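**Q** Fit chain B to the supplied structure of chain A, relying on the hints for placement.
There are 2 protein chains.
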Amino acid sequence: MYEITHDTIDAAEVASKVNLPNHGASLAFIGTTREMTYGQRTVLLEYEAYIPMALKTMETIGEELDNQWPGTLCAITHRLGKVAIAEASVVIAVSSPHRAHCYEASRYAIERLKQIVPIWKKEIWEDGSEWKGSQTGPWNPLQTPQFE
Amino acid sequence: MYEITHDTIDAAEVASKVNLPNHGASLAFIGTTREMTYGQRTVLLEYEAYIPMALKTMETIGEELDNQWPGTLCAITHRLGKVAIAEASVVIAVSSPHRAHCYEASRYAIERLKQIVPIWKKEIWEDGSEWKGSQTGPWNPLQTPQFE
Chain A
1 MYEITHDTID
11 AAEVASKVNL
21 PNHGASLAFI
31 GTTREMTYGQ
41 RTVLLEYEAY
51 IPMALKTMET
61 IGEELDNQWP
71 GTLCAITHRL
81 GKVAIAEASV
91 VIAVSSPHRA
101 HCYEASRYAI
111 ERLKQIVPIW
121 KKEIWEDGSE
131 WKGSQTGPWN
141 PLQTPQFE
Chain B
1 MYEITHDTID
11 AAEVASKVNL
21 PNHGASLAFI
31 GTTREMTYGQ
41 RTVLLEYEAY
51 IPMALKTMET
61 IGEELDNQWP
71 GTLCAITHRL
81 GKVAIAEASV
91 VIAVSSPHRA
101 HCYEASRYAI
111 ERLKQIVPIW
121 KKEIWEDGSE
131 WKGSQTGPWN
141 PLQTPQFE
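Chains as they are written, first to last, in full-length UniProt numbering: chain A, 1 to 148; chain B, 1 to 148.
Chain A on its own, in the form it takes in the complex (with noise of 0.2 Å):
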């Protein structure tokens, strides 16, 4: 249920590992790279992760999910290396038997994933580039995450 890729991702794929009789709701979330941030044109993002600790911390984030909405169902993939404008990064399906719990735990997941799975990414821009410490920017390892 998580992987993490050099690959293109297949959201289709990702989103159908969670496909369940008794679930009548499943919500795919794709995270792509935005061209423009703040008036500075992205060229493209790259990605780095310690691969054992970020499929670990996504495994916790699947049990997180089943035990504030149980029954809910999650599938990750993250992709590594270079990824190019609109193309996607992270895929997170989330499917449960009614929607509401779908939205919520979709929602939980995506920032929990940016909390605390060790990925980096690097901007590189038409004049530069910087490595971040996780997809939303400076990171801090105390900060909570910001659901608004």
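No lab work stands behind these hints: they were computed from the structure. It is possible that some hints are incorrect.
Remember, identical chains collapse to one label, so a pair may be satisfied in a single copy or spanning two.
Said to hold, decoys possible - Below 30 Å or equal to it, Euclidean Cα-Cα: the simulated DSS-like pairs (lysine-lysine) are:
1) 82 / 56
2) 17 / 114
3) 17 / 82
4) 114 / 56
5) 132 / 114
6) 122 / 132
In this text the structure is predicted, and so the values were computed from the model without any measurement.
**A** Relative to chain A, chain B alone:
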């Protein structure tokens, strides 16, 4: 961006319609036929629509999203006819520059669809069947969408 079909829905194809360079987040909501509902086993669902008005109200939802969350993009495909267990009856794809709006807009879109789009479903069980006014069950046009 708005489609009604008797064929299987390709969720990835719907999601691809909202993939824009400046949109860093997209969400595909997939509503599927659930086998068990409050202890009753569904065999399949059958959908009917008043198609011109269904397409028009789907467009209205897109306009409402753009008003409330400017810059969000929305595509909706709804299936008609018989939909087997675990198959998708509706896919709603929403994208936006940042993910907070994406989640809010996606949630709004599915609730609003069940409220204003004239699509009826017949629940077919092992021992009978029943037409329902909307996918959520007893239909009341005065009822506001339930977001819980």
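**Q** Hint by hint, note whether the structure agrees.
**A** Tested hints:
no.: 1; hint: 82 / 56; result: within (23 Å within a copy, 41 Å between copies)
no.: 2; hint: 17 / 114; result: both (22 Å within a copy, 26 Å between copies)
no.: 3; hint: 17 / 82; result: both (25 Å within a copy, 23 Å between copies)
no.: 4; hint: 114 / 56; result: within (14 Å within a copy, 38 Å between copies)
no.: 5; hint: 132 / 114; result: within (12 Å within a copy, 41 Å between copies)
no.: 6; hint: 122 / 132; result: within (6 Å within a copy, 51 Å between copies)
In this structure, none of the earlier numbered hints is contradicted; all agree with it.
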